[in-house]
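Visitor: So the sequence shown is residues 2 to 1036, counted in the working numbering.
What the hints contain is simulated information worked out from the structure, not anything from laboratory work. Idealized CB from N, CA, C, for every residue including glycine. Watch out, some of these pointers could steer you wrong.
Each pair of labels, with its calculated beta carbon distance range [stated by the list, open to error]:
#, residue 1, residue 2, range
1, L18, I952, 23 to 31 Å
2, G118, E20, 31 to 39 Å
3, L360, P105, 21 to 29 Å
4, L736, L360, 35 to 43 Å
5, D585, D403, 42 to 50 Å
6, F519, E912, 53 to 61 Å
7, D334, M586, 31 to 39 Å
8, E51, D735, 33 to 41 Å
9, A705, D403, 34 to 42 Å
10, P842, G908, 30 to 38 Å
11, Q824, W659, 15 to 23 Å
12, T574, G704, 16 to 24 Å
13, A660, K806, 33 to 41 Å
14, E300, D585, 40 to 48 Å
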Amino acid sequence: MRADSTITVINYPDPSLEEEARTLQFALSSPCTAICADVSTPTGVKHLVEQALADLNVSTIDILVNNAARIVLKPFDQFTLDDYHAMFDLNIRGYFLLTQAALPYFPKKNADGTGGGGRIVNLCSGAARMPGVNQSLYAATKGAIESFSKGLAVELPPKYGCTVNCVSPGIVETPGMRASMTPEEWQFIKPQIEFMTPVGARAGATEEIAWAVAFLCEERSSMEAPFASISEGGYGTSEVELMPVLRLDSDDIDTGLGGTQQWINVHIRTNLFTPSEVLPVDPLPSRANSIGEEISTSEVAAVDWSPPGLAKHSRCALAVLATNLSLSIWASDSDPKITRSWRRVLILNHELERYCQSLYGEEEIRADLDWETRRRLRRRVRSFAWSPQLRPEQSPKQSIQDACFPVNGSFIAVANDYNDVVILRVDSPFSFFSPAASKWSARAVAHFSLEPKLDLHSNPRPFTLDETLRDQRYISNLAWSPWATDKNGVPEALLAYTTNDSIHLRRIRSLPYSSEMFSELVDVFSDTSVSSRNAHFLRWMPRACDNVYYLMAFSQAGAFCYEVPVKDPARTTVSSHDLDKRWDMVIGCAFNGFAKENAEVQFTSQIIAPIAKTSELKMPIEPIEEPQTPLFQQSIRESEQLFSAENELAGHTLTKAWAMCSSPLGDLVASGVSFHPGDMVEYTIAATSRTHIGIQPFRDTSGAFTLPASGGLCPVEDLSAETLIYCAKTWLEDLPEESRAEHAVRNTILDQYWNALGLSKNSIRTSEIDRYPRVADYGLSLRERTLIVQALRRAVFSDDKDTLKQRYGRLLTLFFDPKGTTQSDDAPAIQKLVTEVLKLPKSCYNDSEVGRKIRTVYASMLPWLTDAKVDTTGDEAMEASADIHVEGCEICDDSIGFESFAWARCGQGHEFVRCSLTFLAIQAPGISKLCGICGKRYLNEEYLRKTDRMIVESGETPSPGERGQQDVVMQGADSGEEAILTSTETDGTGEGNAKQGGEVAEGAEADGGRLPITLTRILFGACDVCIYCGGKFVG
């Protein structure tokens, strides 16, 4: 279980074994609990299942391992009835009771056959088939378990989609077995064990049994059905069973942050569409025909990540353009490493069609081909580009202490088959800037078009092939520049696009804290050096260098670098390189995050990637005396040679490159290629090829660990703890193993972390945030809500040097030793959080039930925090005694006092894990999430929103706008009456009012109107990553 970071339950039958169970519990790095229960009784089984679900805050059971057993060795004529019951009650009755109790919590199969996938593993014994002397009753119980497992393996899969398997160990050397024998007895029985065990000639080890069980619990064992029995070091019998050879010397399992696993393959079937998502269509006339839309297999044509914050847990969503010209958004609803957590949440073609219909007028719905042709041309998506996050203008040398919260939501530009470019705002239930919504939605906010449109009259004039090729049908390349501000402080960006004849730059403007964007009527720059007929790739460098943006365009004519002044794009200059007259297309590029003055770009072509003479250029492009071979290209060559040698191809290898990109910092380059035998006409099957994904440093650092300053290519606010960990892990792989744990290595990594965050060890300042906006009668505007969240985020995360050092020191400790932190290490972060939240004036948010609970529990924590100094005058919650707590136990209704930061307990002894942010008790399964790095558990914000209620004081009434839009306060509320929060804060029905057409976008929140905001929303908005290590959440 440790190998897969599985949530584990340890059951021990007797209180005397508690110390041993707790030792095992703390030895596991994954979430774990230990429960004392007698599984041979119905009450014990019920207690085990219910307590496990409550302790671990889960609602489902995916894996059940039945392992409890008792053995009594006697001659048959000496067995008593008590001996019989002792073994049969535990060995058979226990398996029956626990399986029956756990089954209701197993995932069930859906009507379409998907879902399910649980695992049941029963520990049997080789004695079931070849019992030894004095084992008659014990062998009978194990034989029953094997038959019981076979029966379940036939009965359960149709309903639950689970597998039921057995592991039948031979003789295993356990501490209990050795303790039951004298040394003389062990020496006597050892030769017999060796004789009975043909493989290895020895007793088995407990780790070998554990690996067999772990294998049957993994996804790759899903075909071990309906039943498989794994014999560990088994006896020599004539019956043939599935007996895989399991070795313990495998080192490709991730055992924590310092493990060796580098890849987790997540296969998402993005080409499967239901008829309601994409309607089957008939071919259009030849001039408007698209093979992709009508008869393609909907394979992936392009993918790109959104900026952070759109998906759950402040993660990125994935835009996928398929060859059927459908653009869909995919997001993970729990852990991105789990395939089944990914789902298609939105198809943007629907909103594009709706908007174009309103844009071009309500055309009469006719049956003729002309109307249907135009409708389909307008909904097809040919290219797209995400907008970078819009933030206030920042210095290139910005540090994490200057970090600014984004001021707008998520936008994406799409080009259709009708020469339109439409900008869509994408909203989700998880985005801080989205209007009240429980569903994903999109709304068009701006557009521009090219003329003329395709001639689609019912009787068009005859046209030649040359005229058809010259038709300007669509824009095939889009790229969105970073944001800047003009002289009036208005944010603006440039949208680059290509036509048949030229490349264009169009200025896009937006107002902060608004859902609207505006496109200028004319381009600010155009150039005929490159066109979409030849252009293969168009990409902006993610950050400006010395107030200049760089845009790279690649075509069959070569590489073109556009040097765009940030303040005056009309003065753009162009430099170019012929790329050695290569004929195949460039499929990707990566920018150097280290370059602040001399920008560089690396790129690769599809066919000649290993042998291309020029794969790196400076920007602006300058003549290169002798092109250098980048590290990524060297890696491709080495892998190509290895593939040739392994398959005895004598160098006849065909290499194809498919993708290339930079890491967030810009210090690493990722490239994806495939190798195929080149000694045949064409490769035909996937079995003859190999895919290679390589990650190499952008430049050779001669073994030194260096990270780009101030976030490199990405804004320093978006620099995640996971990125820092991966960069350090990549460097450590090249170090000798004996030097990895040296103190100097840790200091080097920590120094580079400061550099990447724009800090130095001696320049971290300490400041205080003491200005917060005051709530008006009916809430805060979007600007005020953003500022208050940004202020609290800075105060908690970055404005104190001690807190910064503690957080990144903890991250480094977790990297080297996942178990190397203690609860005392959490105290500085907790103290900073509690102090800053209690400093928040109550006048800057709306009062609510959960908000009062949070302030009360924070006040209860003050005596536990030695240096916390907060003025509690005039605050009822903060003046409350530490012994008084408004939170009650949901099991017995008894009150819960404050005894520990990690756990809570009521007066009747019911224990719960505390949320690591609100420090409220987590009293139900399925309402919490985990830090993906340190494993800290947090309450889900969605759960708190649904249960939170605003407290309405006497005489207050909602504004007309609030009543019409959100029903903020129940009409006729008397003194002390509570009103359910707005759907901005909660949606108790689970059905929001956000529609695919974007009908909610006219609401107050989307336009910056005033809406209530609670302490809960502020707290979770500011702390969208773990406050202890900075890790992102999962679950």
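Visitor: Hint by hint, where does the structure go against what was stated? Just the numbers, ascending.
Guide: Violated hints: 1, 3, 4, 8, 9, 11, 12, 14; rest satisfied.
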